[in-house]
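**Q** Numbering (my numbering), first residue to last: -2 to 391.
No wet-lab data here; the hints were simulated from the structure. Every residue gets a Cβ at the ideal spot worked out from N, C-alpha and C, and that includes glycine. There may be inaccurate statements among the hints.
[Said to hold, decoys possible] List time: in silico SDA-like cross-link candidates among lysine to any residue, alpha-carbon distance up to 20 Å:
no.: 1; residue 1: 263; residue 2: 277
no.: 2; residue 1: 263; residue 2: 323
no.: 3; residue 1: 234; residue 2: 386
no.: 4; residue 1: 267; residue 2: 234
no.: 5; residue 1: 263; residue 2: 386
no.: 6; residue 1: 234; residue 2: 379
[What the hints assert, rightly or not] Pairwise CB distance ranges, derived in the manner of DEER restraints:
no.: 7; residue 1: 248; residue 2: 275; range: 58 to 64 Å
no.: 8; residue 1: 146; residue 2: 217; range: 30 to 36 Å
no.: 9; residue 1: 283; residue 2: 247; range: 32 to 38 Å
no.: 10; residue 1: 146; residue 2: 322; range: 32 to 38 Å
no.: 11; residue 1: 189; residue 2: 217; range: 23 to 29 Å
no.: 12; residue 1: 123; residue 2: 198; range: 32 to 38 Å
no.: 13; residue 1: 86; residue 2: 217; range: 23 to 29 Å
no.: 14; residue 1: 145; residue 2: 268; range: 42 to 48 Å
no.: 15; residue 1: 124; residue 2: 385; range: 25 to 31 Å
no.: 16; residue 1: 386; residue 2: 270; range: 17 to 23 Å
no.: 17; residue 1: 286; residue 2: 214; range: 42 to 48 Å
no.: 18; residue 1: 331; residue 2: 61; range: 41 to 47 Å
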Amino acid sequence: MWSTLLMLAILLAGWWWSGRQVAERADVMGGTSWPTRSRGTILLRASLRPPDVVPLLGTSELVRQRENRPDEFFATSPTGFRVVAVGQAGMVLVQHALAVGAMGSILRGRTVGVLVSPGEIVLPDTGGRQGWFRGNYSRVQAAAVFIGQALPDTLTRDIARRLLAYDGLGSDPVIEALVRFRAIGGAWGRLGARLLAPAAWLDAAWLALVDRMEGAMALRHFTPVKRLTPSPAVPVKWAALESVARADYARQSSSNPFGIDDDWWKQFEKYLTQKQPPDFDARQATLLRDGPAWGELALLVRTIQAVGATPVLVPMPMKGSLLSHAGVRAETRALYYDRLDSLARAHDVALMEARDFDLDNLFMHDHASHPSAVGWLLMNQALDSLVHHARVTR
């Protein structure tokens, strides 16, 4: 008995200590994307609590190409808000839906930016996508969504059904079983979830404690990001900044006709110039029209709206000149932009029109959906406009 009480006291002390550490030190992380925050709950909630923060959901682009990247560009709130980047390399859209669902009411009344990568859109369910999911699967976020039940039943069911397309759920048998019951829906699904509830709540409590301890320990060993003094909100001279960025990046990408960074081109020229199979355009068209990522993007938008937030979509354009060289026709690439437009209309979501930059060689840094300093600047301008419009119309 005494050993049990001692263990309980240690766990409660750890819970209290970790919460205090996070409350006192969460701001040292700044807006940069960090794995512990993106895949957890306590650090993410603490970082998103300030009212001037706009979470920006994305993937590997958020940890590359620092020049003009939103978390740094908006660090001093030059137009009235800061950006906290949420995402890691290979984080798929349905995992962002879990992160948003786990945040719940903290996001109510806020604007949430969503970066859309054409590289993810053309990725099928097999192979790389499975590995991406496994590498970024957050058990604590999944537990918060499926045990906390903060989302509407139909949305939770749809997220669960999509998760079953991935093989990474097996790392936690309790959550996997709960996801399967929630995917069934109806009376039988609810009955199964209720029968599993005691084990699920214990699992969720343990995961939450581990998340708190990992977050607190990460902060203790974290090199603080220098908090920049907010600057007065003044009009940004977008055109002048773009002119400088274009001149600089043109010099950095002069070794090839596609606007790919010189160092990247040197490393991948052979791969990028190899002849593609005859059906390459057709396979790209199939994924751009009906790939699994579109369903995940719709789930993410629905989840953001379900927690009371306003999603804004900031898609990256395709690398049109390179894809044209590889045999992907303009008509095929248009499927990407058309599907974005239709999704935005269906869910009444504001959208940056990426098709305008399909043939802008200086927008993308490489073939892997990473913006250049020029691309980031243009996306920052769009994000700024979308955020302020959302605040006015909300």
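**Q** If a hint holds in the structure, say so; if it does not, say that too.
**A** Evaluation of the provided hints:
no., hint, verdict
1, 263 / 277, "24 Å, violated"
2, 263 / 323, "18 Å, holds"
3, 234 / 386, "19 Å, holds"
4, 267 / 234, "39 Å, violated"
5, 263 / 386, "42 Å, violated"
6, 234 / 379, "14 Å, holds"
7, 248 / 275: 58 to 64 Å, "37 Å, violated"
8, 146 / 217: 30 to 36 Å, "33 Å, holds"
9, 283 / 247: 32 to 38 Å, "35 Å, holds"
10, 146 / 322: 32 to 38 Å, "50 Å, violated"
11, 189 / 217: 23 to 29 Å, "41 Å, violated"
12, 123 / 198: 32 to 38 Å, "35 Å, holds"
13, 86 / 217: 23 to 29 Å, "25 Å, holds"
14, 145 / 268: 42 to 48 Å, "44 Å, holds"
15, 124 / 385: 25 to 31 Å, "40 Å, violated"
16, 386 / 270: 17 to 23 Å, "42 Å, violated"
17, 286 / 214: 42 to 48 Å, "46 Å, holds"
18, 331 / 61: 41 to 47 Å, "27 Å, violated"
The structure fails to meet hints 1, 4, 5, 7, 10, 11, 15, 16 and 18 from the earlier list, while all remaining hints are met.
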